[in-house]
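**Q** First to last, the protein sequences are chains A, B and C.
Going by the numbering used here, the first residue of the first sequence is number 1, and it counts up by one from there.
Going by the numbering used here, the first residue of the second sequence is number 1, and it counts up by one from there.
Going by the numbering used here, the first residue of the third sequence is number 1, and it counts up by one from there.
If you are wondering where the hints come from, they were derived from the structure by calculation, not from laboratory data.
Nothing here was measured: the structure is a model prediction, and the numbers come from that model.
The beta carbon of each residue, even a glycine, is placed where N, CA and C say it ideally should be.
Incorrect hints may appear among the rest.
[Said to hold, decoys possible] Each computed BS3-like pair below joins lysine-lysine, with the alpha-carbon atoms no more than 25 angstroms apart:
#1 A:Lys342 - B:Lys322
#2 B:Lys344 - A:Lys342
#3 B:Lys161 - B:Lys344
#4 B:Lys344 - B:Lys366
#5 C:Lys156 - C:Lys58
#6 B:Lys151 - B:Lys385
[Claimed, not checked] Some chain C residues well away from chain A (every beta-carbon gap over 10 angstroms; in silico):
#7 Thr115
#8 Glu159
#9 Val160
#10 Thr180
#11 Ala195
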Amino acid sequence: MTESVGAKARAGSAIGAQLRRIPAERRRGAILIVVSLLLLAFPLIDRNGGDIDAAANACAFATLALGLNIVVGYAGLLDLGYAAFFAIGAYTYGALSSWQIQPPWSEFWEPFEWLGLVARIHAEGVPDVVHMTVSFWIGMPVCGIVAAIFGVLFGAPTLRLRGDYLAIVTLGFGEIVPIVARNWPYMTNGAIGLNGVAPPRLLGYSFGVDSEPFYYLGLLMIAALIFISLRLQNSRIGRAWMAIREDEIAAAAMGINRVSLKLLAFAVGAGFGGMTGAFYVSKLQTATPDMFMFPVSVMILVMIVLGGMGSVYGVVLAAIILQLLQSWFLQDLTGWVHVFGKWVDSAWLQRVDLVQSIELIFGIILVTMMLFRRQGLIPAMRPTPALTLEQQTAHAGRGGFAMPIRGIEPKTAEPQRAMIEIRKLTRRYGGIVAVKDLDIVVETNSIVALIGPNGSGKSTTFNLITGMDEPSAGQVLLLGEDITGLPAHLVTKRGVARTFQNLRLFSNMTVRENILVAMHSRTTTGPVGAVLRTPRSRAEEREAEERAIEIIGAFGNRLLPRTNQLVKELSYANRRRVEIARALASRPKVLLLDEPTAGMNPAETLELSDQIRSLRTMGLTVFLIEHKLNVVNDIADKIIVLDHGEKIAEGTAEQVHSNPQVLEAYLGRKAAHHA
Amino acid sequence: MSKMNRRQLMLTTAGAFALATLASGGLAPAQADEKLVTIGIELPLTGADADSATRIKNGALMAIEEINGKGGINGYKLAVTVLDSGTSTAGQYDPAQAATNAKKFVADESVVALVGPEMSGEGKAMTPILSAANLATVTPSSTNPDITDPKFAAQYKPNGKAIYFRTVTTDAFQGPNMANYMRDTLKVKSVYIVDDSGAYGVGISNAFEGQAKKIGMNVMGHDQLDPKEADYTTIITKIKGLNPDAVYYGGVAQAGVKVAKQLYEIFPSVIKAGGDGMVDGGLLSAVGFPAIEGWYCTQASPHVMDDAAMSDWVARYTKAYKMTPSDYAITAYDAVQVIADAIKRTSASGQEVNRDTVRDAIQTTKIDTLQGPVAFDENGDIMNKVISVFQIHHDAANPEDDVQHQYKYIGVAPESPTS
Amino acid sequence: MTYTDVLLQQVINGVSLGAMYSLLALGFTMVYGIIELINFAHFNVFMVGAFFSMWILKLTGLAGQNVILTGFPLVGILLLALVCVMLFCGVLGVVIERAVLRPLRNVPGTAAMITTIGVSYILFNIILLSQGAAAMNFPNPMPKVQWNVTAGTVLKLREVLLWTISLLLMLGLHFFVRRTRLGKAMQATAQDQEAARMMGIEVDTVVMTTFFLGSALAGAAGLIFGLYYNFASYVIGYTAGLRAFTAAVLGGIGSIPGAMLGGVIIGLIESLGGQLLATRWTDVIIFSILVIVLVLRPTGLFGRMMIRKS
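Given the sequences, and given the hints that come with them, work out the whole structure.
**A** Here it is, written out as structure tokens:
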């Protein structure tokens, strides 16, 4: 016995060694093919109608999980009421194709009858009525669209809310929809449930009560939704969603219209849910409001948490595992426990029913996954390859950027106009005045430095210019155009780019992806283009990639080898560089740099100073906040000094340094007198 | 012993488990010369209805065990498969799970008939599947009339033959007959209706309302309660302000407990009535006396549990299952009798015993059971449409949750005149 | 009963309902004020408290509502039950915080909230699986005293008890937070955790104390619920929880007086809305209030403006 086990083990490890030799990409593809073949052949292997039925139901829940994955996994919006869209899709299909809605017959319906969308029912003694018979293949997309519309309706007033508040509001909608369903018998037949929902018909053959056609349709839906999800994920839209998930404020600074993208995520997720609703109700041929309550929303959330937020395959796997758990494994396990109970003669063990504890298992899954494996079973992140020694070493070089970087083509049509002009800008927080009556002019194609002690209002000024904060009074002009109070993404679109004092990178995205996100306002591929990979979207993507590599390459050996590394793994100085590279990617006219050299050693600081100077040579305007006075003296054309929110000095380096007010602000009154 | 590292150990263990599963699946002792047919039992044994479902299950099991104990039917022994339509996600029956169970039964060729389901919501999901396979089911407690209504025949029996047979009558009678009883016997002139928003509760209270209006009672309002909510003082105060003679509650125990308790506290003088959802041992102990005292309830079957002949049956049931039977345990027992009788007649006439022949035989049933004579009309409904009325009176000699003794049988609710 | 009697009775009902919601909202809003966490588990701690106090009372030999006590035995037993349930639930809250929430305190996003959903489910299902789905009779030794406010309107002893205890607990909490050192430490931590730590405040202890107090309040609410409605069931945390949550948001999440006021408002909406419209729409109305408040005025009636540093 030992020998045969040993032989089997040797054979097993031999196969394992063979498998490991295949490269990772191929391996994944091979696994997918094998799994797909198994899934396709499943009804032929297991001919039990009940099992196939359970599998078809599992497909429905997998597509729901894929839909929620877009909302929660991609865009980071926690939706606790997702079952509402499931319900809306189901009842819409019920309205289109059951005996629920039966208006009296009139001539109005004749063209619809001719199209095959309705039928005329004649019964003795009562007037003729209309019977809705919209085909499933028309009905399902319609249900998806209706659900998507509701997604937009629910999202519009609420997507501005913070994460946990948004979750509560979605929970509220998830509660309201079944209540409305219960109290609107005209549409839903209330608690009693729909009657006569029609199953799909294909080429004259009705699916009826057979589970196989539903199972295959379900597999097709899963495949289609995986396809759409992956296409969206690796597109401009997907990157924008992930940017929003990582850091909303930085996403807005990258030119992303957060509200419309969040609405898009909601709508797409809702659409998936609505289509699944049509599928589910046409299979069950009835629907009651109790089928769409909060526990269903939580179950789908558990699938996402278990599988991995944002991980398409993880989510499908989790859906399958949980469904199998409910329909098969727990029942079998209960049987084993009963047998064990008989063996140890324990009455309690013989009575216990583990199938009832599935909800308890959901709770345990949520807690343990969040505590111990937040990335889920199949994480959405791929592991990054290690760098060679050569790739890791870099030396600070002088001379700035090799010119020109193709991505940067600022307009210098009106060099006389001030790039940025601030008039009487004021920002009050209750009793505190952060910025008071500020007048600043940043000339085109110059480098202006903003300095001052901590808390003097420098970063606030930047926030006011870039639209991240709204001024209490005053104006901000960009090349003469009034941009006061404009939302951040529109300011970026007009050519203002910024970096942040505390670094706001998208940590869980790669360097390359961070740069590509910044190009959001300069590209136009929408969701349709992303999914269909139209020639225009492909060309746009290609060009964006090329520009991104160029910008990354401008930083030489520091960033280029790390193009596909997650940003959170980079050193502090490299992350600062990525911030700058990201800002350059949005084709700005003016660059606002907030302490760009913080954390760099003297050699690196000099390198960056040269690079900033070369940006000016390329035609950019730079407005920077800096504490290192040698950098400021070196590169700034003009220095502006703030203290307690007011401008106290302006001029060249010599003028500013001899200004007594400046000395007092920095060093204190006594020291200033001695200086 | 060769080097077995942890992974190999796990793989071997997993393989052993897999083998065990396969082996246990096939462990059916097949005795060549014994004829075996299976009766399926389909009930929501998980969730809010678990208690009543278990009592029903035991009624059916008792009948099957008695039949097998007597040697079977013409050489046929009865095997049983029990499937649960309740899921904890739904907290009660899940129509999708009921549909899956129906398909499992259909796939098992030895199943010739089913007992169940308990709830009409399950029935709606199951009947298209059962009809396609011509597999008959006899339900002891599903009372929603839609499923056997000829108006919906295309949905619920697409192949034309009745497969949903009931040993209980429907809400088309339970609600209205109570309305008749209220007007005729209790002299009620005005009533306020509440239901628990569930499929059963809405159905029965709507039927009650329709009849009450027809016979001239003043229906002062019909409101829906949320069974998960604890506080009904608002609606009960509103009702008290309107001062009806009676309150009718359509629904099951989850809301019923709170309705009973709070009615007693706020408006104790009103006449209180409910449907068979209020006949529940757990409800009696949760509400307690004197709060539950005086409630009228109906059951959609003739009442026989008081008969001397019955007490022997009740004693056997209580001894075997350590719980008192409900009236629906009896209708479940009778359902098995119907199936057994069908099998007997089929095998006696020399035909093969399969689901088609058994269904045909069930259609022509004419037997005497615990609840009296049972025969079915062409839709599958029981011919004997008797609604029994009970009132709760505290019987201190028996335990508080003893359904048999705390509900006093009053009589038959009058049928609605057909004119 | 005249129509004014009915309306007056509904007002009394509404205030009682409101007192219950306030009690639930208090502990919840406290926790949110300190660590900005929406703790779903709070409402099932309340449910567990109802069951626990039921067992305590049963242990003393009580059953049903027919054994009446008065005077010292009554006060003694109720106090005993109150102290026991508050201790038990307080400890339960601390266990939850330490085991499950503290490791996630610095994880950004909604990870902690999702975890509280998980804990909530675990509590809910442990009770469901062990006690069954049926409601259980809650032993209540209180005498059934009531007074007639007008000819048709009734005020019951248990309602007075509910209002009194809620008010006392709120005042006690208010005093604790304003006057004691630990209370001030809680206020400081609520405003700025970093700064509080730098001032030498043991933030971990403060958070633990907050959870203890909040969960103890939830337990007290469970006992009062049982004494008021005379039953306990696994599902009571659910609807009461959502209403109490709305009350907390309406009053201004993080604000103790806000929770009280919000509770009473929601209670009155429930009773008067049910009287003038229909009870079936109560949930929709209350959820709409939740959505409207969150969208238009997220700080509620009394909440503080949170300044976010970018």
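**Q** Going back to the hint list, which numbers does this structure go against?
**A** Hints 2 and 7 contradicted; others consistent.
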